[in-house]
Amino acid sequence: MKVLLSWLREFAPIETDPDELGLVMGDLGMAVEEMDVLGEGLDGIVVARVLDLRAHPDADKIQLVDVDAGDGEALQICCGAFNMTTGDLVPLATIGTVMPGGMEIARRKMRGEWSNGMLCSPSELNLPGDPSGILILPGSLEPGTPLTEAMDIGSDVLYDLEINPNRPDAMSVAGVARDVAARLGLPFERPSPAVASGSTPASDLVSVEILDPERCGRFTARVLQGVAVGPSDRKVANRLTLLGMRPINNLVDASNYVMLELGRPSHPYDLATLAGDGFRVRRAVEGETLVTLDEVERTLTDADLLICDGTDAPIGLAGIMGGASTEISESTTDVVVEMAWFDRMPIARSSRRLGLRSEASARFERGCDFDDMELAHDRFIELLGDSAGTPAAGTVDARGNLPSREPITVRPARVNALLGADLPAVEMKDLLDPIGFTTDLDGGVQGDTIQVALPSYRLDSDAEIDVVEEVGRMYGYSRLGQTMPVSSLSGGLTVRQRERRELRSILAGLGCSEATPMPFLAPGDLERAGLPGDGITITNPLVAEESVLRSSLLPGLLKAVRHNMSHRNDDIALFEIGHVFRRPSDPDAELPDEHEVVAAIVAGADATEAVVIWRTVCDGLAVPGVDVANAEMPCMHPTRSGVTRVEGEPVGSVGEVDPEVLAAYEIPGRVAWLEVDVERFLAHPHGAPTYRPISRFPSSDIDLAFEVVEGVSATDIASTIEDAAGELCGFVRLFDTYRGEGLAAGRRSLAYRVRLQAPDRTLTDAEVGEVRAGLIAAVEGTYPASLRG
Amino acid sequence: MIDELQRITEEARARIEGATSTDDLDELTRTVLGKKGTLKAFKKQLGTLDPDDRKRVGAAVNEAVDELEALVDERRHGLEKADRARRLETERLDLTETMATSRRGHLHLVTQATMELEDTFVGLGFTVAEGPEVETDFYNFEALNFPEGHPARDMYDTLYVDFGEPGSTLLRTHTSPVQIRVMQTQPPPIYSIMPGRTFRQDTADATHLPVFHQIEGLVVDRDISLTDLAGTIDRFTKAYFGGDFSSRLRPSYFPFTEPSAEFDIIRPDGTFLELGGCGMVHPNVLRNCGIDPEEYSGFAFGFGIERLAITKAGVDDLRELITNDIRFLKQF
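Residue numbers (the numbering used here), protein chains in the order written: chain W, 1 to 789; chain V, 790 to 1121.
To be clear, the hints were calculated from the coordinates, so they are not data collected in a lab. Some clues are possibly wrong.
Unchecked claim - Covered by chain W, according to a simulated footprint, are these stretches of chain V (three or more residues, beta-carbon under 8 Å):
| # | stretch |
| --- | --- |
| 1 | 857-869 |
| 2 | 988-998 |
| 3 | 1015-1023 |
| 4 | 1027-1040 |
Note that this is a predicted model, so its numbers are computed, not measured. Ideal Cβ positions, reconstructed from N, Cα and C, are used throughout, including at glycine.
Please model the complete structure; the sequences and the hints are all you need to start from.
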């Protein structure tokens, strides 16, 4: 929302320094996004009239423009914009002008043609408006006049304010001024135009029928007979131009001006083209069409509200945009001006569905004032001055359902409790009255409650909590001070959160760096990674490449590996902890299956690297009962992968990525891969290592080599040995594997070293021998294995 | 005899001096000082002397033995030292030739920032809560006082997924759904933060990512006020940024809080950073979670993590965070 300081001053005698005023508005919740001091650095810029436009003989992107800079002579300018036509008035930076940006204008040749100055875009002048074109000035100015003089921007300040959705009132100069005046303790006055009218009652000329009183709360119409359509007066045209709106004609300009000034949208119709001399406000019929002012044909649904003429033909989309058929033209003589109130939500929905936004819809969506029509109509007519013709007597005023504005009961104690303040009720009244929340100190200053009126321009407010906010806002949040709540709880991370950190530091310690690929995949990415392609998809993605939710971390990490390889980065080892999404098996599930998964990927490493990572992670988090079983897993190397298990339950996969998948990602060499479902992995009891006293007695090692059928788990055999050795077991290690000569086909040799140690004595040779025999018997009795001689 | 003794001693001294290995010294010890050594033999001849001479010569022999033994020890020590030095020299390793780079893996910049923020709030007495990234419309909007069709929903460019009824399931646009889940399951007092991944329909550029991280905070307790919110934000500001930073609240609007505010972090030089939004939990939100707003009140705040992380690290393009280039990852 853009406001001019000079305009604010028409409502309140603001003398505050402009920078300070910016801070005041920010503290009231209207943050200043930009502040421009106008008129500075515009010396040398004059109004010029476009006389002729010619193509540049030697360039496409610039044209030759002849302008009259006030002396009646044609002055040739080379210009890179094409938005002006012959007769337009434009700002010309004459030779020698130093632009606000510091550039000095000189006479120079552009591709062989002389340019005797520069035509300026709004941004080159620090003004709002389309920066890609030349600023088109109001048509009433005199060529040769300095721009600052012609546009009355001698010394003004333009603020661009960020207005929150709950501040419909602040979408207007008057609303901003009301807040500022209240904060600064200044009087605030809205204009009270005196408008004379003729004797014909407006209701004789136009009728209004509201067929949907829920959505149209009020529809007022005034009629102006004998208007003179033409350019606006200079002040109106200049202000609209300065705020980035192009003046059209006095009627359209008055409508825009009243909207900017009072926040009141209106729509002028040519009465001659209004069939049936009246309005009907009704819902559209499904499939009904309307050509809006922007010349687009809109297909409507029964959720859209229409303004129709007296014959029920649609002439406008209520609150959003008028239709083309009743537009004001130069031949218009009789005008009917609509000022209405529409319910907020339906306007918001229609505007969103049609993708059609307008200054009017932005205001209706937030909630326009429903009680400002008389004033706004008068102001509209006042702005037209002598061109207004003869206003018909009275206003046609049809009513539907309007929001309740009954005063509400507010507890000052509650206000203070929520704000952390200690304001007496009378001070709350002083804060609330100036912004229209007129307060009645029900029961006097000592009363427990106060009655607060709700202004018609603050439809966002209808409860005590809204008044709490207004009191705090007008008092000033920073003036309220700071306190610290006293918690009876102690802070901390949960076990899972601490373990997640531990997991990260283990993986980083193993040399893996943490990657965070986007969780969105392209269609086909899952299949390309050898995974089922039934991922959950995004229904409204910006691009198709980001439309599938990952069901595995593999595609994202493969892309990351590929990226690093293509940049010739060495030692590519990455990990990620993130969520994956799958369709749930329960058809009644409220949400998809979402799991936290940890994955590690190491380029140029084989499956053993992944197994080592898995073992280290389990050791680091003290998870007992873990193992790996060879298995064919989706997306993984068929003969070099397995399933990771805790107490026999599968929790993930380990090994190498399938060579075909690697080929699809153009990744050469082997890639070690580990992916574990964190929730399932850590669901098993863990994290409580049991202390075993260190024996002080000598230990004995025995080596046992077994010939074992291929496919029997070497890890299982080690477990069997460990179990059989019982409390004497120090460790069991697989220290050699051998395949080849001397072994039966389909068998390999597994050599284990077992360290035996008793907690309380030195083992005798006889004891060691007994244990050895027991271990052999246990292995041979459990597996197709035999001790090698 | 004394002359003879002096000759033997002299000769032994020379041999000790000339020894090139401990073997030479062992040999000398054996042949001169040992049981069958020359000095031993010499001693045996003492019996033939008269008592005076015997005493005199005996003392001289003992003196010679002591002297030679000391010389042997000294020489042996010297030789061993030289031996060790020779051996160590052959093992010499030039450490400047070891230029292998660090093998440490690195945590992602955003993870590091998140952990630092978590730790700061844990220090202020907060717990850390989490929730799903795919959410229902109820948790992401409706329970947060955004009824269906509410214009403020437009402030969030929401991504929907093909699950359940059309429009019912979405990628959470903020971590606020976790606030609802916490309030639904945990009776007050609540002092929690909610860090996590959030999503918007946005094109990645230097200042936007479609997937980013937020951290929110929620306090619900008896007698919680707006000044408690301001105090908590300020305490956090000083703990995280430094004691010479301060904070301020400016009125703003969010459907789920009222009064609502933006909060700025004010640097020691007076410039400021617009960090996030905050406010008192809206009574409707408390009610939606089964908490009586007359009995309890609360505040909530939230801000993005990425911008904080890259500002601190001096990175000027958010996209660096998602390229996963190890040349980037290994810098932090």
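Against the structure, the hints come out as follows:
Three residues within the 8 Å Cβ limit are the bar, and the stretch 857-869 of chain V against chain W gives 0, so the coverage statement is violated. Counting residues of the stretch 988-998 of chain V whose beta carbon lies closer than 8 Å to any beta carbon of chain W gives 3, which meets the minimum of three for the stated coverage. Here the stretch 1015-1023 of chain V counts 7 residues with a CB under 8 Å from a CB of chain W, which clears the bar of 3, and the coverage holds. Beta-carbon proximity to chain W at under 8 Å applies to 4 residues in the stretch 1027-1040 of chain V; the threshold of 3 is reached and the given coverage holds.
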